[in-house]
Structure formats: structure tokens, C-alpha cells
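Protein sequences, first through last, are from chains A and B. First residue of the first sequence: 1, per this note's numbering; consecutive thereafter. First residue of the second sequence: 1, per this note's numbering; consecutive thereafter.
Because the hints were derived from the structure by calculation, they are not lab data. Think of the CB as a built atom: it goes at the ideal place given N, C-alpha and C, for glycine as much as any other residue. Among the hints, erroneous ones may be present.
Claimed, not checked - Simulated pairs of lysine-lysine, DSS-like, Cα-Cα distance not exceeding 25 Å: (1) B:K62 with A:K243; (2) B:K243 with A:K168; (3) B:K24 with A:K168; (4) B:K24 with B:K243.
Unchecked claim - Partial selection, computed: residues in chain B whose CB lies under 10 Å from chain A: (5) E158; (6) V329; (7) L330.
Number of protein chains: 2
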Amino acid sequence: MEKDPMLRLRVFDLNCWAICYLSKRRQERISLIGDQLCREGFDLVLLQEIWSERDYSNLKAKLGGCCPFSHYFRSGVIGSGLCVFSKFPILDTLLYQYSLNGYPYMLQHGDWFCGKSVGLVIVRIAEITVNIYVTHLHAEYSREKDAYLPHRVVQAWELAQFIRHTAKAADVVLLGGDLNMHPGDVGIRLLRSWTGLRDAFTEAQRFEGCEDGCTLIPSNCFTVKSELQSFPLGIRIDYILYKAVSSFTVECEELRTTTGTVPGLDIPYSDHEAVMAVLCIQRRQQTASVTIDAAMPALLEVLSEARTEVCMGLLAARQQRYSSGRMAVLAMLLLLLQAVGVLGMLGGVAAAQPFPALSVSLLAFFALAILLFAAGLHLFHSIEVKMLQGTEEQMEMAMRGLQEQPLHH
Amino acid sequence: MEKDPMLRLRVFDLNCWAICYLSKRRQERISLIGDQLCREGFDLVLLQEIWSERDYSNLKAKLGGCCPFSHYFRSGVIGSGLCVFSKFPILDTLLYQYSLNGYPYMLQHGDWFCGKSVGLVIVRIAEITVNIYVTHLHAEYSREKDAYLPHRVVQAWELAQFIRHTAKAADVVLLGGDLNMHPGDVGIRLLRSWTGLRDAFTEAQRFEGCEDGCTLIPSNCFTVKSELQSFPLGIRIDYILYKAVSSFTVECEELRTTTGTVPGLDIPYSDHEAVMAVLCIQRRQQTASVTIDAAMPALLEVLSEARTEVCMGLLAARQQRYSSGRMAVLAMLLLLLQAVGVLGMLGGVAAAQPFPALSVSLLAFFALAILLFAAGLHLFHSIEVKMLQGTEEQMEMAMRGLQEQPLHH
């Protein structure tokens, strides 16, 4: 082996916003993305929101030359939307579906149906095992009144735990995706401090692209302007994060983002900007000792903050479980009352029918619909309560463990 | 460190059959199990079907002396039923919920509601990192016509993949649980060959207990005799499996099962028999090379067999998705027809009402119920198809990988 060889990895990450029938100029954009990827020849391409398998197949066909290896992660009703293209053979894959992901009845926020997950792809490049994670967390629809915050914190926790547990044999860990969190949000601080992952944007030696590294910008013609009202520069929610184990180092030599409209054309690739990093991986001369203990109090603080969010979510979920249970019981009582009335009528107790048959039937119809709906809701919120409780306990255990012994990433 | 120290681990595994309101003499049995565990003082206790958190708390209180550390895994509506008690501090935990687990409408087979999962608990015993997995796979309700076989094969695959990916830093891997598979079934062969786990029953130097190591036996007063008709000795579906990485060895010194009724009492601990193993863990003098390649053709064969099962499941799931979709469309047409009829009546086109209002409303009621049911079913089977497809692809990739390069456990 050559002395001190340097591996340069070129990584591309983009939320492609390729929702069939809903996303504007989808096929045109997918085709543009494919062309761009072919032209630039990245080593690793991490895509989100590729919901249609046909779009994936088209990209696969186009990228056959530069990235012959790929994997599409399936989950949920529509799929996970996640896929990875690689210049290097893929050795193994694993998908982990987050236990909480919004509410099925929030149809306008389709997240629940997407089966949001984290996908893992393992590649081996020149004797270096690289674990590549791609994910897409639950969207934030309102920053002021973010009903999904507890779910997103749970997802960030599960993502961190999944990475910690599956990356133990990896030399280099790479995470790309739309995390739907601003850089200072509790979920991302939790993820970063609990896994030791570093943010390519803050670490990059050179940066080129949107100001502050934003990936959702007002000048992109597909972004919803009202969502960016309080952020005139835009927001940064798409990330490339990385770390190496002690015998390797990773440095981000360069980070770039696209800046809205594709040069020479009238549309951007997506409503998000792409993030492109050049990472330099090198074997370390001497194995450095892990110096995490300095950050211990900060980690404990983040954990406690995250736990508070989960507890708030737990309170809300318990309340909703109770309300939906009560609604189901009331609907059942109404149905029973009606059944008694009808039976009484048939039995001749009340000779004259007090209400018209049509309204009685409509009412029964209505009561049954409510019963089914409320029962479903109750079931759903019961699961939510369990999951939030479970996460809260795990966080507590982590905090206890940290207080007793130092952290080993 | 002492030269060549030997670590003796005493492991207890039991499906406790502790379903509130349904399981017979539940509290009495849980109390008996607690007493027995206290008396024998196991190092690790892996329990399944502890559905009520109160039962868990009672056990936790009772075992505080001998197994002060414990974890209860939450998932699904009712929970996962899984918990672990340990004499050694628990460093970390992770839960992975299987992507397929029966059908929600099979209410009589409540598996879907249980959120069947695999739980991981990491403990460190005398400088040895032990990854402990506890799980409970989907039940087999009919061996002749096993509609759940593809789901169970997917679970076995996901279990194997989860172990492979999370156990890379472990020195010793231990899996206990009710796998709901006979020793020769494709799922268990897949799990064993894909992970390299060894079966404590076949490896044990001493065995004591039910003939053939059976854990569901006719002489247990709680077992359903009709399920065991073709198996006069009973069946073995509860397992303790283990392996060590190359610098350690694990041997099973002794394996025991309970044999129905608790001595001196009139009831058994559960409808399953408990499995108890004594494992000896030792650091290896010289690191042995892994010799898996000899088993390669067998592994390929098992993978191909498992893939066939998944493909069969895929065919069935596609058929069901189609049927439920068609049913939903028909119900919608019926509703539309009725709506047109009612509108026509109200508009005075048909002056006389051809059908009584009650029957019209009942029919609408019926059509709506079918529509909702069929739509739900369609959604569910769409997920099922996705998941089976995903597993099939992963298996294919594994087979391709095996043919190209040797396996690294």
C-alpha cells in the first residue's frame, strides 16, 4: 500500500421533490438531474423524494456509466423515496423505518403515508468501509406551532441510535438527507452530539453557493414563499454530515450548493438546493485518543432538552388518546340508543314512528362513521404514546449512562 | 488479567403467555416465574409476551436483587411484549420493528397489533461486549396452510440482517426467543446460516428436559392439543442461539427445558417451556480464521429457498391488492349510483319513490362500510407488496454478493 494515500470522495445530496402528479415539471427535472450527475461524475449520490420507481429506473439507466451500483429503499405505502447511487459496489443495505411519522389523518401533510425511514448502504472503497446513510425526516409545516416537533425529535433520536449501532465496524460514516431541521434545532444538535457527526457546511475549507448554505431559498421558483417569510435568506435543512473512526480522518475540502435556477435554463432541479461535498479521507499516522469528554455537559444538556420535547409530545398524545377514546364511547352509546329505539318500534312498543326513517338511518350512519374514525384514532394515539414513552426512557437511560461513564462514539 | 479466564453465563428464555384477560392464571404464573428466577439466579433473562407493563413492573421489583438491570421494549398498540433482565449494567438498547407482521383484519390472530419486533440490549461483562437479542416472530396457525410463511421468512431475514449490522462490535452474540419455527424450517436455516449463529440445543454438551428439546408439548395443560396432533412429542420453537467473534469461543455446557407442570404445583409457568442455557465464554489462544466458505453452497441454497417463499407471498399479496382495489371501486360505483338515484328523486324526476327510504339508506350504509374496508385493505396490501419486493431484492443482492466474494460474518 502506498504511503499515506488520500481518498477523495465526491458526494451529491438532493431532495428531488419528485411526487407523481403533484410536483411541477417532474420528469423534466429528473432528466436534468440525471444529466447533471452524469456530467459531474460523483462517487456517491444520495437522493430523497424519488417516489416513483419509474423515475428511479430512468436515473439508474442514465447513471449506469458513472454510478453503476444503486439501491432503492422500499417502505410504507408509497415507498421511502430514498435511493443511493454509487461508483463502488454496494456490499449490504438495511432500512430502518421510524416508529413515529406524523398522523394518517393529516392527509394534507402526506408524511405518514411515505414511511419515512433511514437507509443504510455499505460500500468498501480501497480497503475503507464506508457506511452511507440517507434519510428524510418529517417536514415542519409551521415553525411557530410545530405539532410534529416531538415526532421529529424521536426520528432524530432513532436516526442517531441506528447510526451508532450499525456503524461500529465502519471506518467512515456519511449521512446525507433532508433533515427538515435548522442547524440550531434541538434534533440536529442531538443527532450531532450523540453520534459525533460533523457538519460539512461548518467544516468546509471552501464554500460556494447560497448564503449561509441555505437549501430552501426564496429565489427558487418552486419554494413556497410564505414558509420563508421570516427567513429572507432561506433556510438550511439539507445536510451532509460525516465522521471517521480513530484510525482515519475525514476533511471536507469543498462544499457547494446549487443556487436556484439551473444555469441556462428556466427551472431549478428541485424545490430544494443540492448539496455537494468533496471529502478527503486519510489514514491517520498515529491513532488519536477520542476526546469527547469535554463536550459531555453540552451533550447532557441537549439530551435533556430533547427529552423535554418528547415529554411535551407525550402529554399531547395522551390527551388525544383520551379524547378519541371518549368520542368512540359516545358514538357507541348513540348507536346503542338508536338500536334500542328501532327494536322498540319493531316490537310495537311505540306504535307510531316518532322520527322519519331517513333521519334515523342517517344518524346511525353518522354515528357508525364517527365510531370507526374515533376507534382508529384511539389505536393510533395509543401507539404514539407507547413510542414516545419508549424514547423518553431510552433518553433517560442514555443520560444515566453518561453520568456514570464517558461516551464511546 | 488472569490467564485464560472463563466466563460462565446462565441464560433463561421463556415465552410467558401473559395476555391480560385472555391467558389463564396469568398473575399466579408471573409470580411463579419471578420466584423461580430469584431462586436460580440467572445472569440474563429474556422474556416474551409480557404484554402488561404491570407484570413487567412486578417482575422488576421481584428481580431487583439478582437482576437489577432491565429493559422493557415498547412498540405497536399493545407493546412488543419483550423484556430483558440482566445481572450486568445495560449500556444501550435498540428496537427494530419488523416491516411485516400479519394482517390487521385477522383479529382472531392478534399478531398485527403486537408490533412484533427484535430488541437489542448491549451489556459488558468483564471486558466482553455481549449483544443480546430477544424476539418473537409471527405465529404459525396452520402448518399445512401457513398463510403467514412469507411474513415469517421476511421477519427471519430482517432479524438476521439486524443482527449482522448491529453486532459488528460485539464479542459475543446471543439470541433468545420464540421464533415460531421448527428447527428445519427455511426461516431458521436462513437466520442461522446468514448470521453464523449456533443452536444451543444441538451444541449442548449436556441436555436435560423435554424430548428433542421441545418447548410446546402436549403434556402442558395450556397448550392447544389440536395444534400438536401431528407431533406427539411436541415441537421446538423457542431457541437460544449464540456465536462469538474470532477472538472468543462460546460453548454451551448445559441446556435445560422445563417439562410442563412446575414440580409440586398443578400448573406450568406458561404454555411454552422455558429454555435455560449455561454458556462458557473464553478468550481464544490464537485467533482462528473464519471457515464459512465451506458452507457457501448451502447458504446460497437456503437464500434461494427463502426467496422463493417471499416470491410466493408477493404473488398472493399482489392478488389481494388487486381484489381489494376492485372491491373498493365497485363499492364506490354503488354509492355513486345511489347518489344519482336520490338526487333524481329530490329533483322530482322520479315522482314516486321506487324503493323504501330505509332500504336505500341501509344499502348506502353497507356500500360505504365496504368502501372504507376495501380501501384500507388496498392500502395495507400495497405496503405488503412493497415490503416483500424489497426483501426479495435484498436477498437477490445477497446471493449476487455471495457468488462474487466470500462471506464475512
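Consistency of the hints with the structure:
no.	hint	verdict
1	B:K62 with A:K243	violated, 44 Å
2	B:K243 with A:K168	holds, 18 Å
3	B:K24 with A:K168	violated, 44 Å
4	B:K24 with B:K243	violated, 36 Å
5	E158	holds, 9 Å
6	V329	violated, 18 Å
7	L330	violated, 20 Å
Of the hints listed earlier, those the structure fails to meet are numbers 1, 3, 4, 6 and 7, in rising order.
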